[in-house]
Amino acid sequence: MPSEASSDRRGRQKLDRETVNTLVVFGLSIVLIVCSRFISPALGSWSQVLTVLILASFLIILSFGQGLVILIGGLDLSIPALITLGGVLTTTWVGTSDAGVWYMLPAILAICALVGAVSGIGIVWLKVPPFIMTMATSIVVASVALGYTSGTPRGGSPSALLWLMKAWFLGVPVVIYFTLAFILFGWLLQNFTALGRRLRALGTNRNAALIAGVGVNRLELVPYAVSAACAGFVGMMLVGYSNGATLRMGDSYMLPSIAAVVIGGSSILGGSGTFIGTVGGAILLTTLGTMISAIGLSEGWRTIIEGGIIVGALLVLRGEFLTHIGNRMLTRGK
Amino acid sequence: MSAIAANPAPRRSPFWRAVISGTGIVALIYVLLYALYAFWQPDALSVYTFTDLVNNSTPLALAAAGETLVVISRGFDLSVAGVVSLTNVLMAVYPLDGPGGALVSLLMCCAIGAVVGMINGILVARLGLQTIAATLGTMIVCQGLALVILDAPGGMVADFVTYTLTDTLFGVVPIAGLFLVAAIVLWLAFRRTNTGIGLYAIGADEQSARFSGVAVSGVRITAFVGAGILYGVAGFMLSAQTATGNPTAGTPFLMLTFAAVALGGTPLSGGRGSLVGSILGAGTLMLLQKVLFSGGVSSFYTGIFQGFVLVLAIVFGNTVARLLRKDDAR
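Protein sequence lines correspond, in order, to chains V and B.
Residues in the first sequence are numbered consecutively from 767, following this note's numbering.
Residues in the second sequence are numbered consecutively from -18, following this note's numbering.
Don't read these hints as lab results, they were simulated from the structure.
The C-beta atom is built at its ideal place from N, Cα and C for all residues, glycine as well.
Among the hints, a few may not be true.
[As the list claims (entries may be wrong)] Facing chain B, from chain V, some residues (calculated, C-beta under 8 Å):
#1 G1066
#2 G1073
#3 I1076
#4 L1080
[Said to hold, decoys possible] Chain B side only, calculated, beta carbon under 8 Å to chain V, not exhaustive:
#5 L104
#6 I121
#7 L128
Hey, can you work out the whole structure from these sequences and the hints?
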């Protein structure tokens, strides 16, 4: 490859790595769905694919926030607590009565974003490492939710959320249209806006971004606030999906949110990754999760497999393994 | 460097240096807090209360001691939560009674910790993963294994372990405290070895350490294995405390160990610090909880309190580290 005297390969190589990784992740998801027919005839059908996509929508929205945090080199461990906060506030403040649903739901999201911004403030100004700060926020929020509901959250889902999660339009659940719109929005935001580029610059090299005139301190709050708001929104979606909130509703989402981002090809060190790749990671993980459930493996095995996948993905991505293969495939034709 | 050489700072006696180090400060906090506790509750000075306190603090203190090894070498080890859960569950599901059984259990816990630490070390030092990412993976896998072995809280830890390890020797010395003393003695010996010095060197500046001939990956792996063994012993002591198994027993450790390390004067940016400070830091955290909640406040305040203490401990640790750096530079 050094013999190739191209003037500037940097842009192309980056594109290759991210594109190749995204294609591999989506390809693996499709292969898994097809192969799952061999495990159980119920899997792999159209309705099963739709179920997987509905379940994946939670993870896609969460991992958008987690992805932005990882893009700037952080890690958000407060996601489960904020899912619970969003869910609990929705059922207790709005509930089935639909009272003021059109301003209450945005207000709840704003509260979640504020909590995320508080984490960001601790990280930026108190210099607490991100994973510790978000862990601290998480336990405070979880404790407040426990104290506020005295253990058992009451109330059901507002009808708007029930509609979002349960209604169908043209043979496809409404939530899937919503998720597609969200993916488009997230992709545009991360790749084609000044905000997205600034975040990427911040994650690549903080000092360079500062010298280039990016207001790094305030900017660093944004991903934490966005991630918290995304988690709060997933809390609302879960309320609509299961018509109620529990204090542990978010627990099973922390690891997958990190795993989806990492599998999607983002560097855990920050500064690289695309949302489309993350979406692929979320779909792949959800497919795998439904397969594991169908086989009848316990929660423990699922956790082990998730951990193994995270480490495996990190190892594969670290060595630029896929880039290497991708570049070789591209150059072979010449 | 040249400025320091030209203007050598007056060398202080080792005693004075120990007092102004993070360890000295946390020791002072501990004594003051204990005095306060004794003032409110006169029975705090009894052997029984002290033993109880040592017993409560030992698992966290050992886990924080292990974490310190990794933090000094500039890294984070999240696998503490997984190893503590896994060893706790094993102790409850496969109890071995009698002194021999306890010894076998202890060795088993150490072996599990060592294996997990070895995997962490290889992932980080040989395969080049970031410490948080690699240990997050091993933590998840260990937690999964714990769930596979025991899917809900239950099981019984062997009676010998439960009774003997929470007892006192000659009616005065808490047996759990002996484990802490052993850890401290091993640490004081270890930090004088080449590997121990290398640990500080790679934490301060990995590149320079490598150029100075420190076997960086070997030292890192040693740090992770040592940490893992200490987590294993922490899980063993926790089982003696709780007498039962819980697949999520290690989760609270994740946060509290970092708080204890920071409180003990080890900056999370590595290169400095002491295992003794972390043990005292863990003791202080447990004592603080005891002082504030001896009245029986509901558990949700405990969580809020822990969150705030965690952040405050880190801010405190950062401040002490900055002050000490200033002191060095002068």
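Satisfaction of the I121 of chain B interface hint, Cβ to chain V closer than 8 Å
Holds - the Cβ of I121 of chain B comes within 8 Å of chain V, reaching about 3 Å at its closest.
Let me know if the C-beta of L128 of chain B comes in closer than 8 Å to any C-beta of chain V, holds or violated.
Holds - the Cβ of L128 of chain B comes within 8 Å of chain V, reaching about 3 Å at its closest.
Restraint: L1080 of chain V near chain B, CB-CB cut 8 Å. Satisfied or not?
OK, holds: L1080 of chain V within 8 Å of chain B, min 5 Å.
Restraint check, 8 Å cut-off on beta carbons, for G1066 of chain V near chain B:
3 Å, holds
Tell me if G1073 of chain V is really an interface residue toward chain B, meaning its C-beta lies closer than 8 Å to one of theirs.
Holds. Min distance 3 Å.
Classify the hint on L104 of chain B as holds or violated, based on whether any CB of chain V lies nearer than 8 Å to its CB.
Status holds, d = 7 Å.
Using the nearest Cβ pair, does I1076 of chain V come within less than 8 Å of chain B?
5 Å, holds
The earlier numbered hints are all upheld by this structure, with none contradicted.
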